[in-house]
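A.B. asks: Chain by chain, the residues run as shown.
Protein chains: 2
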Amino acid sequence: MEEFKNIFVLGIGLIGGSMARDLRRILPQATFYGIDANDDHLDEAVGLGVIDHSSRIEALSQADLVILSIPVDQANLFLPAVLDAVESQALVLDVGSTKGSVCDAVKDHPKRSQFLAAHPIAGTEFSGPSAAIEYLFQHKTMILCEVEQTREDLLDKAMQVFEALEMNIRYMNPHSHDKHIAYVSHLSHISSFMLGKTVIEKEKNEKDIFDMAGSGFASTVRLAKSNPATWTPIFKENKANVLESLTEYINNLTHFKNVLEADDFEEVYNEMHNTNHIKSILKGLS
Amino acid sequence: MEEFKNIFVLGIGLIGGSMARDLRRILPQATFYGIDANDDHLDEAVGLGVIDHSSRIEALSQADLVILSIPVDQANLFLPAVLDAVESQALVLDVGSTKGSVCDAVKDHPKRSQFLAAHPIAGTEFSGPSAAIEYLFQHKTMILCEVEQTREDLLDKAMQVFEALEMNIRYMNPHSHDKHIAYVSHLSHISSFMLGKTVIEKEKNEKDIFDMAGSGFASTVRLAKSNPATWTPIFKENKANVLESLTEYINNLTHFKNVLEADDFEEVYNEMHNTNHIKSILKGLS
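Protein chains in written order, with the working numbering: chain A, 42 to 327; chain B, 42 to 327.
There may be inaccurate statements among the hints.
If chains are identical, the list can't say which one is meant, so a pair holds when it fits in one copy or spans any two.
[What the hints assert, rightly or not] Here are the computed lysine-lysine pairs in the DSS-like style, where the Cα-Cα straight-line distance is at most 30 Å: (1) 324 with 220; (2) 148 with 324; (3) 152 with 277; (4) 324 with 245; (5) 280 with 46; (6) 152 with 324; (7) 298 with 46; (8) 298 with 320; (9) 245 with 298; (10) 298 with 243; (11) 277 with 198; (12) 245 with 46; (13) 245 with 198; (14) 320 with 152.
Calculated directly from the structure, the hints in this document are not laboratory data.
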């Protein structure tokens with residue numbers, strides 16, 4: 042991986058910025074360039090030491106590694122042009138939260154073998170260059186899709202990087218990834234946003250309701266702080282799977298409402314009791 | 042508050058046990074008695090040093106302070122008998138999560154003035170004596186209801202205890218309390234339980250889905266670890282308010298689903314953007 046000397050990060054926010062911070066530690070001899078639609082973010086990233094220089098798409102021919110960490114609909118649009126622009130030694134790594142459409146976007150591209158589709162299961166509810174933190178990826182899962190389509194020498198280097206980041210690798214089909222991630226990630230965000238909305242709407246008429254909120258509410262509503270500019274494209278790209286999971290969630294809530302309405306407290310108890318084993322499932326996650 | 046020499050805790054779990062642990066520090070000369078329907082919990086609480094002795098309802102005539110921390114439907118049933126049993130120097134403090142029905146249950150009781158209805162906004166997703174921890178209540182909100190109905194000398198002593206626990210006091214009407222707490226606490230639990238259920242149901246057919254779960258999912262689903270024996274009575278006692286908040290939540294989720302289905306991504310964005318100011322609302326909560 043020492044061959045990665047010129048590293049370009051497209052989209053210098055939470056994920057791209059955090060990855061740059063870690064790679065600077067792992068590859069101290071490399072130079073880091075940032076490309077971003079937001080010039081203020083580029084200046085901020087240079088100021089914070091997340092990257093060395095701001096740059097432009099035209100300079101990508103110098104790249105040894107390109108990290109694509111922009112909103113997922115933009116990634117689908119830009120990826121073919123990024124592959125067009127790089128030389129044969131470069132690896133292009135996409136780290137967005139949906140994988141089906143981005144793999145489809147380059148499936149017939151002549152440089153498909155220089156592309157690796159990845160999804161690090163890591164993040165916080167914050168965004169922008171100031172949200173970039175070191176060790177965000179340590180001991181987290183990295184999902185890789187269609188690795189058989191990536192050139193072996195480039196995949197080897199990528200694996201060295203992920204090992205240096207101390208990540209746990211899993212291999213998945215991109216469409217299976219999108220189906221499962223709708224449940225364990227995308228749905229949580231909608232559940233949290235709409236919980237926040239419901240309570241805020243109530244609070245408009247009833248003052249000081251939030252003085253009564255405890256750590257339980259704070260935990261459940263935490264993801265409602267997430268960036269809509271990141272999440273709108275995710276819901277757009279993964280619409281069918283998200284709608285499926287959301288429909289099942291609404292059905293389960295409606296069933297709970299119906300049994301409570303009918304005073305069937307045995308069933309209310311069972312609904313919760315049967316879900317309690319989430320304890321053992323989540324062991325180790327925090 | 043030094044007059045609190047014999048302290049009886051009815052229900053020696055997360056809340057009652059944590060309160061006992063703190064009071065032992067604050068009132069080192071007092072003796073602590075536990076009463077619980079579960080004998081194993083009593084033995085465990087003695088073994089852990091949460092209480093000094095296990096005891097029985099018949100001994101309550103010796104009590105200077107009784108802390109009622111049992112499921113809320115049980116509290117409504119037992120409270121009149123507890124008041125019947127205590128002498129005139131005793132304060133009976135209820136710390137359950139609903140306040141309307143427990144206040145109603147003793148409104149005409151001849152010893153109503155020895156009762157104080159309270160709700161500490163503190164807790165974790167764990168339960169039983171082993172969940173009892175010190176400093177659970179520090180810097181948390183304590184909601185007090187109908188304080189004007191509690192005898193002044195007993196209220197003074199209670200306030201000294203809450204001050205020693207470093208709690209922030211708020212005064213509320215019990216029915217307003219129940220209405221607001223449905224939104225900021227009870228609804229979060231249902232949202233979390235049903236999220237857990239939705240993902241577990243999916244996982245039955247699709248293996249290893251939880252390998253893909255990150256800290257965001259863990260945070261949103263944390264409350265699904267809570268004890269159904271605590272929460273079923275809460276939903277029962279606060280049924281009307283919980284149903285109202287749950288109906289609004291389901292309506293908001295359904296609206297989100299409809300705009301996503303209609304490809305109205307501007308509205309999808311706005312739904313999230315308008316909820317983002319939960320950030321500033323939640324400052325200081327964690």
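A.B. asks: Are the hints correct? Go through all of them and say.
C.D. replies: Evaluated hints:
Proximity of residue 324 to residue 220 under the C-alpha cut-off of 30 Å is restricted to the intra-copy arrangement: shortest distance 23 Å within a copy versus 34 Å between copies. In the homo-oligomer, the alpha carbons of residue 148 and residue 324 never lie at most 30 Å apart, since the shortest distance is 38 Å inside one protomer and 45 Å across protomers. Taking the closest pair of Cα atoms, residue 152 and residue 277 come within 30 Å of each other only inside a single copy of the chain (27 Å); across copies the shortest separation is 62 Å, beyond that limit. Taking CA atoms no more than 30 Å apart as the test, residue 324 paired with residue 245 passes between copies only; the shortest distance there is 18 Å, against 38 Å inside one copy.
For a Cα distance limit of 30 Å, the shortest separation of residue 280 from residue 46 qualifies neither inside one copy, at 38 Å, nor across copies, at 63 Å. In this assembly of identical chains, the alpha carbons of residue 152 and residue 324 never lie at most 30 Å apart, being 41 Å within a copy and 48 Å across copies at closest. Taking the shortest alpha-carbon separations for residue 298 and residue 46, neither the intra-copy value of 58 Å nor the inter-copy value of 45 Å comes in at or below 30 Å. Taking the shortest alpha-carbon separations for residue 298 and residue 320, both the intra-copy value of 24 Å and the inter-copy value of 29 Å come in at or below 30 Å.
For a Cα distance limit of 30 Å, the shortest separation of residue 245 from residue 298 qualifies both inside one copy, at 24 Å, and across copies, at 24 Å. When the C-alpha separation of residue 298 and residue 243 is checked against a cutoff of 30 Å, the pair qualifies both within a copy, at 19 Å, and between copies, at 21 Å. In this assembly of identical chains, the alpha carbons of residue 277 and residue 198 never lie at most 30 Å apart, being 32 Å within a copy and 58 Å across copies at closest. Proximity of residue 245 to residue 46 under the C-alpha cut-off of 30 Å is found in neither arrangement, the shortest distances being 54 Å within a copy and 45 Å between copies.
Proximity of residue 245 and residue 198 under a CA criterion of 30 Å is satisfied in neither setting, with 54 Å inside one chain copy and 36 Å between copies. With identical chains, the CA atoms of residue 320 and residue 152 are never at most 30 Å apart, being 45 Å at best within one copy and 43 Å at best between copies.
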